[in-house]
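Engineer: Chains as they are written, first to last, in the numbering used here: chain A, 7 to 483; chain B, 7 to 483; chain C, 7 to 483; chain D, 7 to 483.
Among the hints, a few may not be true.
Note that identical chains are pooled: a pair holds if it fits in a single copy or bridges any two copies.
[Claimed, not checked] Distance condition first, Cα-Cα at most 20 Å in a straight line; then the derived EDC-like pairs of lysine to aspartate or glutamate: (1) K209 - E243; (2) K52 - E254; (3) K187 - E235; (4) K314 - D107; (5) K314 - D363; (6) K314 - D336; (7) K169 - E247; (8) K209 - E165; (9) K314 - E234; (10) K209 - D406; (11) K52 - D162; (12) K52 - D329.
I should point out that these hints are in silico values taken from the structure, not numbers from a laboratory.
Note that the structure is predicted; figures quoted are calculated from it, not measured.
Protein chains: 4
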Amino acid sequence: MYFERFYDTPLAQASYLIGCQATGEAVVIDANRDVAQYIHAAEAQKLRITQVTETHIHADYVSGSRELAHLTGATLLLSAEGGPEWQYAFAASAGATLLRDGDVFSAGNIRFTVMHTPGHTPEHLCFLVTDGAAANEPMGIVSGDFVFVGDVGRPDLLERAAKFAGTMDAAARTLYASLAKFRRLPDWLQLWPGHGAGSACGKALGAVPSSTVGYEKRFNWALAEMIEEEFVASILEGQPEPPRYFAEMKRINRDGPALLHGLRRPERVPAARAGALLAAGHVLVDTRAAASFASAHIPGTLNIPLDKSFSTWAGSLLPYDRDIYLIVDDEARAVDEAVRDLAMIGFDRVAGVLGHDTVPVWAATAAAGQVAQTSVAELHDALLPRGVAIIDVRNRSEWDAGRIPGAHHVQLGTLDQRLEEVPRDGVVVVQCQGGGRSAIAASLLAARGYTNILNLTGGFREWSNAGYPVVRDGASA
Amino acid sequence: MYFERFYDTPLAQASYLIGCQATGEAVVIDANRDVAQYIHAAEAQKLRITQVTETHIHADYVSGSRELAHLTGATLLLSAEGGPEWQYAFAASAGATLLRDGDVFSAGNIRFTVMHTPGHTPEHLCFLVTDGAAANEPMGIVSGDFVFVGDVGRPDLLERAAKFAGTMDAAARTLYASLAKFRRLPDWLQLWPGHGAGSACGKALGAVPSSTVGYEKRFNWALAEMIEEEFVASILEGQPEPPRYFAEMKRINRDGPALLHGLRRPERVPAARAGALLAAGHVLVDTRAAASFASAHIPGTLNIPLDKSFSTWAGSLLPYDRDIYLIVDDEARAVDEAVRDLAMIGFDRVAGVLGHDTVPVWAATAAAGQVAQTSVAELHDALLPRGVAIIDVRNRSEWDAGRIPGAHHVQLGTLDQRLEEVPRDGVVVVQCQGGGRSAIAASLLAARGYTNILNLTGGFREWSNAGYPVVRDGASA
Amino acid sequence: MYFERFYDTPLAQASYLIGCQATGEAVVIDANRDVAQYIHAAEAQKLRITQVTETHIHADYVSGSRELAHLTGATLLLSAEGGPEWQYAFAASAGATLLRDGDVFSAGNIRFTVMHTPGHTPEHLCFLVTDGAAANEPMGIVSGDFVFVGDVGRPDLLERAAKFAGTMDAAARTLYASLAKFRRLPDWLQLWPGHGAGSACGKALGAVPSSTVGYEKRFNWALAEMIEEEFVASILEGQPEPPRYFAEMKRINRDGPALLHGLRRPERVPAARAGALLAAGHVLVDTRAAASFASAHIPGTLNIPLDKSFSTWAGSLLPYDRDIYLIVDDEARAVDEAVRDLAMIGFDRVAGVLGHDTVPVWAATAAAGQVAQTSVAELHDALLPRGVAIIDVRNRSEWDAGRIPGAHHVQLGTLDQRLEEVPRDGVVVVQCQGGGRSAIAASLLAARGYTNILNLTGGFREWSNAGYPVVRDGASA
Amino acid sequence: MYFERFYDTPLAQASYLIGCQATGEAVVIDANRDVAQYIHAAEAQKLRITQVTETHIHADYVSGSRELAHLTGATLLLSAEGGPEWQYAFAASAGATLLRDGDVFSAGNIRFTVMHTPGHTPEHLCFLVTDGAAANEPMGIVSGDFVFVGDVGRPDLLERAAKFAGTMDAAARTLYASLAKFRRLPDWLQLWPGHGAGSACGKALGAVPSSTVGYEKRFNWALAEMIEEEFVASILEGQPEPPRYFAEMKRINRDGPALLHGLRRPERVPAARAGALLAAGHVLVDTRAAASFASAHIPGTLNIPLDKSFSTWAGSLLPYDRDIYLIVDDEARAVDEAVRDLAMIGFDRVAGVLGHDTVPVWAATAAAGQVAQTSVAELHDALLPRGVAIIDVRNRSEWDAGRIPGAHHVQLGTLDQRLEEVPRDGVVVVQCQGGGRSAIAASLLAARGYTNILNLTGGFREWSNAGYPVVRDGASA
């Protein structure tokens with residue numbers, strides 16, 4: 007048996023290639039849209055991808071299953087569980103085979119036993135993997151967004167992200183029942199989950215790539231002994247705000263993602279065209295580091311640094327219906343990373359790239375924007391006494407765990423929809439945990455015409471480290 | 007004055023960026039479709055491309071002028087000379103400024119004086135370049151396909167490639183007159199031509215990038231003292247067969263090349279899909295070296311090695327109206343080179359790339375094709391006495407300079423249209439100068455169902471080196 | 007807890023970075039010489055490498071522990087077990103801390119409990135890893151070359167590779183005792199071994215990166231119930247021949263590997279210098295594919311294709327005391343891969359690289375060598391009846407499992423030392439399983455002056471697939 | 007004839023490969039130390055480098071002639087002109103052939119006629135290049151540092167850089183005589199000089215790669231009609247200060263540059279080691295952009311941004327006898343560019359590279375340094391009235407052309423030797439033309455313990471653009 011895990015850091019997402027070396031057949035589970043990686047890996051092992059499947063209808067990235075099956079000629083295997091509302095709309099047109107609890111399919115000597123594990127989503131499946139050449143029992147379970155290392159898949163996403171109102175309580179109870187099934191699996195099975203630390207599909211995912219059923223039974227909070235009510239209350243509390251694009255993903259993945267036909271390399275646009283592009287109504291995303299953006303940027307551009315959180319904030323803040331131009335420090339990297347990262351979450355309209363000279367070229371003839379900074383000492387000693395407004399853009403769980411007195415909570419992903427809560431007069435300090443998200447917030451507010459924004463360097467972390475007062479009760483402003 | 011030459015080796019084509027460092031304005035002349043190179047170069051010099059122009063309607067590559075002007079917002083400057091038939095059809099829609107003989111335009115301190123030099127084409131312009139900050143006389147001439155180093159632009163292309171019947175004699179006489187104008191330029195001007203060695207726009211281009219007016223007057227055969235009749239006869243003789251795609255280029259460049267909107271990176275297709283793609287009627291081009299193809303290939307694929315002649319033979323042998331899949335040795339290189347090279351001559355339908363394992367994967371389940379080889383000794387001693395057919399696929403000038411007795415001449419670029427001249431019975435030896443083009447020919451014939459083909463290793467060069475008999479009179483078979 | 011596995015494919019070797027995100031401390035276990043990978047990974051996670059350790063004195067690659075500790079300032083932790091003969095000679099000079107069974111060290115909240123597990127080597131350690139922030143029991147065991155997925159580390163290497171005569175029987179018994187300790191670990195622990203499929207440190211390693219203690223207890227042949235005698239006989243049987251360089255590695259890693267001070271990029275040598283380099287006594291390794299080498303090569307060069315087995319055969323066939331020049335297809339790849347792969351096993355004398363034109367340049371003025379091929383049909387029908395010699399260069403276990411009647415067994419790694427067993431007269435067919443190793447063997451014999459060698463295309467696999475007679479009893483020729 | 011120009015941007019230096027396609031022989035003139043580029047280019051054209059020569063003993067980079075001749079086996083051709091003091095010390099040991107005025111050597115059909123043209127240096131040669139296959143007169147002249155486009159090679163470098171006192175007046179007169187010889191060459195020859203815009207080997211080099219003899223006769227200031235005294239005065243005036251490393255280069259190139267044996271890729275050092283390296287006395291060069299350095303840096307590091315001037319300032323400010331560590335933004339680029347750029351001017355002791363996280367990692371535990379900035383308005387309105395010191399670090403010619411009243415001139419290249427001229431009390435403003443060099447100066451002063459430095463943003467350019475008073479007479483402070 008050949009086993010390879012693929013991990014996409016911006017998505018904190020895992021997919022798996024599992025094949026039989028004796029017959030050359032292989033299965034890919036939970037492919038993302040960067041399908042070439044699976045094709046390359048399979049060819050390096052002299053395997054053919056004969057089946058493509060996925061654990062559920064993903065909400066956090068565009069599925070690559072359809073594309074991969076199309077390119078390889080593999081059979082597409084899709085869940086038939088979950089009820090009429092959660093059937094894959096493109097299953098028939100793609101010639102997919104439908105899977106139900108208890109089904110078994112094989113790639114050579116490798117057997118995959120399907121296990122229906124609803125909760126995170128109604129149609130969710132897991133796959134028990136048995137290496138028939140070496141053993142008569144499974145080696146592990148591909149668990150998707152059911153059980154993670156140290157956490158379980160949140161059951162509130164359909165309600166909170168995809169807006170299926172009133173579903174999250176029932177889903178939590180369904181998940182509770184599915185976990186009882188999980189407890190009956192043998193301890194010594196490996197656990198191969200669909201996400202790692204940083205994913206918004208749970209709240210406390212570990213940074214270890216895999217685990218075992220026995221270890222999770224012992225140390226995963228969600229598998230501890232508790233009654234259903236306690237579980238439901240716990241699982242629904244403290245979940246991170248889902249990025250806005252999740253709703254879009256869910257729809258795309260159920261209805262059938264468009265075939266990519268390869269990634270387009272966006273055109274190189276001269277730095278001097280930045281103004282004309284803005285004037286024409288295009289979206290310009292400045293992907294440089296926050297410090298560079300703060301010291302000089304083109305007014306009207308949005309700062310989403312090309313780091314590990316790029317996908318999350320791009321998915322939360324960018325529109326799907328406009329052309330996007332990227333301002334980049336390093337063009338080779340932009341083509342390799344940003345275009346790919348955006349395609350992974352469905353942004354196919356990257357129309358151009360502007361190089362590292364763009365802001366200097368702009369600044370030679372027009373005023374560059376700057377993001378003013380304040381420090382926790384200045385905030386505490388000088389600004390707060392004068393009655394400044396503070397906008398805390400962190401997640402709700404961070405807010406609940408402690409905040410600056412007088413702050414107002416507007417999570418970054420919702421800021422653009424809640425501008426009316428940000429005063430246009432007086433000084434407004436935006437703040438997050440360490441200063442990264444508030445820098446994005448400050449760029450967004452500047453692009454929306456605010457001129458009274460200060461970014462809090464060091465954020466809440468530095469504030470609390472400095473021993474300044476912190477509000478910790480559950481009361482929200 | 008800033009001056010930079012860009013040279014595209016597969017096209018043997020030169021373009022120029024000339025700018026004024028004092029004002030930051032710059033002009034690009036004869037841009038090809040890889041427009042990012044000009045944008046990068048200008049930005050590195052802190053120049054803005056403010057004007058884009060070209061010497062004539064090119065026949066050997068898709069012009070990048072329109073694309074570059076669009077991306078940069080530069081003014082497009084196009085020839086208005088040449089008569090009604092040779093007007094740029096998209097000049098008005100692209101907001102172009104028209105140029106006539108004697109016109110002057112400037113980029114900062116740099117002056118460009120337009121000189122109408124018909125012959126190669128009716129609308130052909132040259133540009134005398136004066137660095138006004140340093141001198142009151144020109145520094146050189148951007149000569150396009152008028153005067154090359156050691157040669158002049160052929161006047162027969164419209165007739166021979168674009169099928170404007172009966173034009174080449176008149177064009178040769180027009181060129182003769184234009185050359186008289188050239189002789190009046192001062193000796194000390196630099197000459198910056200549009201092509202280098204290997205271009206099919208002339209027959210004897212030198213491998214030195216630039217020259218001077220004085221040197222060419224002294225040593226260029228076409229500027230030697232001769233009467234018009236003598237010049238016309240000489241210039242029309244011995245020109246290489248134009249690749250088939252030239253006609254298409256001419257039309258595209260006059261009517262207006264499509265905007266690229268970036269290059270698409272073709273999808274990675276699994277090696278195992280090769281058979282299905284062929285069955286679906288797609289074109290599979292095997293870009294590996296001829297030796298690899300000869301030892302094993304997928305029947306039905308065409309072998310065009312990804313070397314300096316790739317553009318030429320792709321342009322001669324591939325269709326514009328079908329999807330093209332590339333079989334490659336080295337995928338990174340294929341994306342960087344082959345896709346770009348094909349886009350340069352208007353092939354925008356590269357739909358996928360298959361990796362270096364493709365042929366072994368095929369061979370594991372089906373019979374691989376092979377190209378049988380013969381040697382000059384075997385041909386001379388064993389095959390010729392038995393009455394073998396020989397197909398010589400070289401250019402006419404090579405054929406005229408000497409050939410194997412009994413050979414039949416079918417230039418490679420026309421082979422697919424003249425299959426009836428290649429016997430399907432008996433042994434057929436295909437042959438060129440060194441063995442490269444005949445390998446392509448052999449792959450084409452195999453793809454067309456021939457099973458009786460031998461490729462002559464070493465070609466005519468080895469034949470004549472071996473002292474075997476050569477036919478040298480002008481008589482063609 | 008942060009956990010990352012690094013896998014080096016040519017060495018089939020795994021190393022691990024395990025760190026505490028709360029304090030930023032991290033440990034690297036079994037670093038190879040490509041130490042930059044650990045530094046980059048740690049920095050990407052904002053971790054500092056504070057401790058470097060290894061499971062044992064490796065025999066199959068140069069350890070990077072010393073280099074990594076030097077560069078990072080980390081503490082070096084080395085085994086003190088194994089008796090006086092197996093103490094690290096450089097421990098004191100490197101300021102190392104010595105580890106004994108039962109010792110515990112920590113990186114932030116992560117605890118590492120040392121477990122002495124002799125057998126593969128006397129000083130061998132395993133590390134039980136406990137994530138103190140999440141659990142009070144271990145999550146898994148870093149098992150080095152003790153227990154692999156599906157196999158255990160061979161106890162015969164010191165005798166067979168490092169020539170410590172008479173040690174392997176005792177080592178097998180020691181390993182048997184260590185495995186009893188392993189059986190007492192809980193089922194649900196993850197197992198993170200030091201090698202994967204293809205390593206010569208065992209005979210049946212699986213291609214799944216990790217396992218669990220419980221799964222191995224159930225399905226690993228070496229953990230099945232058996233008495234000591236039975237285990238000893240089984241474990242010593244069918245082990246692959248260790249590559250010749252293993253002895254050198256063992257010495258280097260015990261005495262202290264030299265600090266690299268960065269990799270040198272070898273000079274680019276003109277193709278035309280190949281003859282002069284050979285004449286000067288340097289070693290020229292042709293890293294092109296076997297098919298290319300077979301069709302044309304420079305006489306005197308050795309063919310070791312740059313594929314997954316490059317390290318193995320380079321380590322078996324190249325000298326440590328001469329300058330090595332590489333003939334490569336693709337120079338970027340050679341610098342990135344071949345130089346690194348060779349450094350990993352201690353070859354620091356790569357003096358130059360010759361490009362893909364080297365053989366054609368040679369062939370233009372001198373006779374190129376060729377490797378003649380034969381097929382299984384030709385061998386069976388035409389050669390064998392005439393009394394040809396067959397040299398089978400496979401591993402002993404392959405030989406034992408079946409061979410061509412009349413073949414003589416000389417494993418490839420020993421061929422250069424056993425040339426007297428290869429006749430210089432008459433036809434000699436070299437043969438392996440699929441044709442890859444015998445191609446290397448053929449190149450070695452040609453470089454040693456043999457002119458009577460045929461390589462068997464398809465090897466034993468094709469021979470047996472064709473239904474030709476196979477000898478299967480244990481008797482060796 | 008094949009002709010290729012190689013241009014190294016940081017050195018503003020040109021070298022040439024000129025070969026005969028008929029015989030495959032080729033000559034390289036003025037090779038720099040990146041010798042692989044010539045080997046690759048020659049092989050791409052199927053040429054062999056058979057001779058290597060240079061126009062003179064270079065002062066601005068390490069010559070690659072010896073290395074290239076060694077690698078290729080080519081004959082080394084060196085000047086025997088210039089008198090006993092200027093003989094190449096390694097000519098005999100390298101088996102070089104000596105060249106004198108009027109000598110002729112050939113590569114196939116290409117003839118090189120040697121012309122002794124002293125002035126810039128005593129031994130300086132030019133090469134008239136005749137393509138014997140096409141013409142009986144030269145096509146152009148490889149002019150080294152004799153005649154540039156728009157300028158001539160300065161005759162004062164031996165005195166000003168290499169400290170041969172009292173030689174520059176005589177050298178200027180010798181140059182005057184050599185120029186008279188130049189005037190006798192035909193107008194239509196191409197001119198292929200050894201440097202382009204930005205080189206410190208002249209004062210007014212143009213940015214056009216080549217010219218013609220006739221154009222230079224007409225428009226080069228140094229070839230205008232003037233008497234010797236006038237020429238001598240003009241040529242010695244306004245020359246840029248030579249970088250400090252020029253003296254070292256001159257010695258190395260005369261005595262014989264060391265063979266490189268390939269470039270070493272420096273080790274990747276963890277960011278956290280920066281403090282330890284500084285404490286151990288190593289040199290840390292921060293190659294990030296000046297703005298990044300100004301906002302946060304490690305105290306004690308020197309800021310030399312990795313841009314077009316990197317070689318110049320590295321050569322002026324770094325020691326040859328200490329280990330150098332680079333702090334870089336982008337590691338791939340550092341290895342590709344910085345290490346190469348430093349090797350080109352003889353710095354072979356780049357011992358390590360620290361990544362883009364280095365300064366943040368430092369700042370997490372210790373105070374980061376900052377470079378305080380001032381503006382021309384603040385300087386004019388607030389600082390000058392209070393009696394601030396101004397240090398102008400520009401070249402003498404810029405200083406002479408206009409300066410801020412009260413400024414003191416200490417050219418950047420000499421600053422480290424003239425620290426006593428920079429007050430340690432009171433506010434000191436450092437200033438250059440645009441702010442780039444003064445940023446380097448500020449970093450140098452900070453590393454030397456100054457805490458009273460302000461960098462003038464925008465420099466003299468912005469000062470004069472703002473209309474503030476400028477001193478323009480020749481009087482220096």
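Engineer: Which of the stated hints cannot be reconciled with the structure, identified by number in ascending sequence?
Structural biologist: 2, 4, 9, 11 and 12
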